[in-house]
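Turn these sequences into a full structure, and let the hints steer you where they fit.
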Amino acid sequence: MEKRPLILAVDDEGSILELLHVNLAVEEYDVITASDIHLGTREQKPQEEGNGEGGVGFQWQSCTRRSLAGWAEHVRATELADRFLKEGNQGLTDCEVLELLFSLVLPNDEYWKDARKCTMHFPNLRGVMEAPSEELLQGGLSPATALCIRLAVEIATRVLKQKVERGSSYESSQEVCDYLNYSMRPLSTEVFRVIYLDGRNRIIETLDLAEGTPNYVAVFPRQILDHAIRYRATHMILAHNHPTGDPLPSRNDKQITRDMVFLGSALQIKVLDHIIVADNSHFSFSDEGLIEKYEDTFLTLRRKAVA
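Numbering (the working numbering), first residue to last: 10 to 316.
It cannot be assumed that every hint is accurate.
To be verified - Derived pair list, reagent style PhoX-like, types lysine-lysine, alpha-carbon separation capped at 20 Å:
1) Lys263 / Lys313
2) Lys279 / Lys302
3) Lys313 / Lys302
4) Lys279 / Lys263
As the list claims (entries may be wrong) - Distance windows between CB atoms, simulated:
5) Pro141 / Asp207: 34 to 40 Å
6) Leu94 / His130: 24 to 30 Å
7) Leu113 / Lys302: 47 to 53 Å
8) His130 / Asp268: 42 to 48 Å
9) Glu143 / Gly100: 29 to 35 Å
Simulated from the structure, these hints should not be mistaken for lab results. For every residue, glycine included, the Cβ atom is placed at its ideal position computed from N, Cα and C.
See below:
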């Protein structure tokens, strides 16, 4: 027996006040005269044996207009959840993703309101997830919604960090870039981070060594090497962010990278990469061939010095 959700609101005279089917497939429907507001399930009955009769029947129960709206939003959330489980988030708009997320913590008649506030206040889903809690609350969102957003962000950051945390093996530069992009891109000031690794490319420690202004951070080679020697690291990945949005390295960025490659080579501590995280992209000294270039320069200078 097939059942289809159907909401029909009528007055005492039988006039239709409201008909909602919550984006579900509904074919033709009958007008049912009743007092107050009713909700029901449209039920396709099989043909009864002997009399050839069959068709559409209705089961109704009385409710208030508020509970009617709540029932509609419950059906809406269920439909979004079904689509997400079947298709993933690719089939959902930004607003629908937020509706589904908020429906887990807010009542049926409230979650969609906060989702629409988000789409009106922020340009896209990323803007919502990267906004500070204070800005979310100023935008009219409930404390429960703001908490839900911050928790979702922190869970994603923790999962990415666990892929590159102590004891993990460095196997994919993409995993490191994903973690750095997600964790450093929202920062409003430049932060210099170093990932220390052992001889088997297992991550020993990840440290933030310096924090600066929105367009500059000062870090000294001795700071970086002190920790490398303390942890007995044989490899390092340098990283910092550019809150201004431009991933291209400055002259100082190139200088510190070159110095670290030189000093690391002398101490047999290899710099694997220096990654600069910006708004929508990143810059990799390794991918651009600059780490190899600096290593070749160091070897050339050392040979000349020995000669």
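Hints breached by this structure: 1
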